[in-house]
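Student: Chains as they are written, first to last, in my numbering: chain A, 1 to 336; chain B, 1 to 308.
There may be inaccurate statements among the hints.
[Claimed, not checked] Once the Cα atoms are required to be at most 27 Å apart in a straight line, the calculated DSS-like pairs of lysine-lysine come out as: (1) 21(B) x 54(B); (2) 252(A) x 87(B); (3) 54(B) x 268(B); (4) 21(A) x 34(A); (5) 136(A) x 118(B); (6) 136(A) x 21(B); (7) 87(B) x 323(A).
[What the hints assert, rightly or not] Distance ranges between label pairs, derived from CB positions: (8) 121(B) x 162(A): 50 to 56 Å; (9) 134(A) x 293(B): 18 to 24 Å; (10) 294(A) x 85(B): 35 to 41 Å; (11) 113(A) x 85(B): 38 to 44 Å; (12) 134(A) x 83(B): 36 to 42 Å.
For the record, the hints were derived by calculation from the structure and aren't laboratory data.
Even for Gly, the Cβ is constructed at its ideal location relative to N, Cα and C.
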Amino acid sequence: MKTNVLQKIQTYYEKKKTEIKDTYFTQKLNAKRKRDFQAFFGSFFRYVFLIGLCFVILFPTIQQILQALRAPEDVNNPAVIWIPEIWSLKNLELAVLVLDYKDALINTATMSFISMVLQLFSTALAGYAFSRLKNKVTNVLFILVILTIVIPPQALSLSQYLYFRDLRLIGKQSSIYLMNLLGMGIRSGIFIFIFRQFFAGLPKELEESAQIDGAGVFRIFFSVMLPNARGAMVTVGLFSFVWAWNDAYYVKIFEVSTADFPLLTMRLLNAAENMYAQLFYTGGLDLVGQDVWENPLFLALISNVAALLMMLPLLIMYLFVQKQFVESIERTGIVG
Amino acid sequence: MQNIQKPMKMTKNINKYHKQKQFWSMVFLLPWMLGIVFLFGMPLIQSFLYSFFKLTPRVGEIVLEFVGMGNYLFAWNTHVTTVSSFKVELINTVTDVVINLPVLLIFSLFIAVMLNAKFKGRAVVRAIFFIPVILNSAAVATALGGGDIITQILEQQNIGQLFDLEYFLVQTGLDQVIVGFISGLIGRIYDILALAGVPILLFLASIQSVPKHLYEAAKIEGATAYEMFWLITLPNVSPHIITVTVYALVDTFLTSSVSGIISDELNKQQWGVSSAMSWMYVGSIIVILLIIFLLAKIFGIGGSHYEN
């Protein structure tokens, strides 16, 4: 009798034990399943979302390229939506004529490059001073950097124009270079900010060890900090170059783009305003028949192609720099 | 004796280094300071004065005529362009900014978190996301006429929208205002992406500067990705939210139609009026900024979550 009860208790206990074990394991399994499902769902959602956005970004550019490659006669051929029926470089030829492409490209590229170098120079120096050479004076001066970001360029343009007129710099590229050299170029404030955050984020030990080894301030900046700041240099350099390339404002105010020194942005703006006149003056009209150039869509298409031509070098450059650029975000982070 | 001398020498060295630092900070700032005085400070004061004058160009000089608040009143009350007026555009821009800024911030933070996670093809996606920043140019936008040509061509071929979002949203019984807001957002997704490029970059950088051991510890404690976002990423990123906000605010204003109107007035040689307009523009930015800073202070955004 006694053993019977004991046995009963034992079997009951065993049963409970396995039961608990089972539920525990199924729970664990369920949790794993749930996690797997969540991970799968998360990555699935992410891919859909990101691919969608990438499509939105790439769609207009791809469409533009394909439209640029159709024959001028096919502008409103209802049969052509994506792939051109007759492949042709005629549109590109006309856009090249309108933009004065070769000269304008060389000029824009040199000007953007020199602007970039000067802007890198002034903003890197200022950013370093604001982050690692801090004292009471620089802290107060930094408020002015914020102010330069907030004040629109239009508020300053007139006085700057009068200034440069007195210096006889109007109509010369040197006006743009001077602005960049003195750290007042396009969005220089942002660049100073980026450099400041970046330099502030570099470890203090770097500076201390170099200092113990007997390096002075300039030496530390030039041979220790600057090589470590490659990430910020790439980011700022890329933005600086691109914004200088795309800049139409300062170029217009300071009248830099002239017949002898054409720049892409100004040529493009002029062309977009009156494509017919531009085609007429550059002799582009003779290359196509009257039935084609009478179509307003054709004129719009050419200005579209001209815009594409302006962006193309940037896109190609970006393809090359892109890896470094993305890595530069990766490696350190710009913000300290 | 030697033991005492050594630290003394060290402190002397450090003092010397500090002095050197002060000297070099001025040297490093020299180009920028020249710029701030001659190309920023003086033009700024001048343009403020000009906003109270009527400027007429004569041969070799500019004649000033004091008009008091006349320029401001003109810009606000009587100024019109062919399609709009300064007042309308300024009010539109301000409301746009107030509505769009939060959206832009949330969107770019969201994208930054996504681009930060590890997945296949991340490098490609990142490269693509910064293309709008590269291609964002006033000249190109003018030449493209806001993408009109493409839509025109497509419309001529009877290919309108492939997917009429607005129609579907109205069918679900949503309020008209919300429908307009959502479809407006989606219609401008490319513009938003172009504006969001730099904010994404700044957020991405700040997320990457969050110490990795925080995430490791949280993972060991069994935190989910969701919890880690709210409890680690967001507090650590919040100091940079202010930076991004300022950037996005200024950028939206710079690319707005208000800025275009001011440029036009400048080109029409209405210098007094354009100065007054740009000061009103600056004024509205500063008011918005002050409100943002105030809100940030009240809600404690911007301060470091972990006391440094």
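Student: Decide, hint by hint, whether the structure agrees.
Tutor: Right, here's what the structure says about each hint:
1. Simply put, residue 21(B) and residue 54(B) have alpha-carbon atoms about 47 Å apart, too far for the 27 Å limit, and the pair is violated.
2. For the hint linking residue 252(A) to residue 87(B), the alpha-carbon distance of about 26 Å falls within 27 Å, and the restraint holds.
3. A threshold of 27 Å between alpha carbons decides the hint, and for residue 54(B) with residue 268(B) the separation of about 13 Å falls inside it, so the pair holds.
4. At roughly 20 Å between alpha-carbon atoms, residue 21(A) and residue 34(A) fall within 27 Å of each other, so this suggested pair holds.
5. The straight-line distance between the Cα atoms of residue 136(A) and residue 118(B) is roughly 43 Å, outside the 27 Å bound, and the hint therefore fails.
6. With a C-alpha separation of about 12 Å, the suggested pair residue 136(A) and residue 21(B) falls inside the 27 Å cut-off, and the hint holds.
7. The suggested pairing of residue 87(B) with residue 323(A) is violated, with an alpha-carbon distance near 45 Å, which exceeds 27 Å.
8. At roughly 53 Å, the beta carbons of residue 121(B) and residue 162(A) sit within the given window of 50 to 56 Å.
9. Judged by the Cβ atoms, the range 18 to 24 Å given for residue 134(A) and residue 293(B) holds: they are separated by roughly 22 Å.
10. Taking the beta carbon of each, residue 294(A) and residue 85(B) are about 36 Å apart, inside 35 to 41 Å as hinted.
11. Under the hint 38 to 44 Å, the C-beta atoms of residue 113(A) and residue 85(B), about 41 Å apart, fit the expected range.
12. Restraint check, residue 134(A) to residue 83(B): a C-beta distance of roughly 49 Å breaks the suggested window 36 to 42 Å.
Checked against the numbered hints given earlier, this structure breaks hints 1, 5, 7 and 12; the rest are met.
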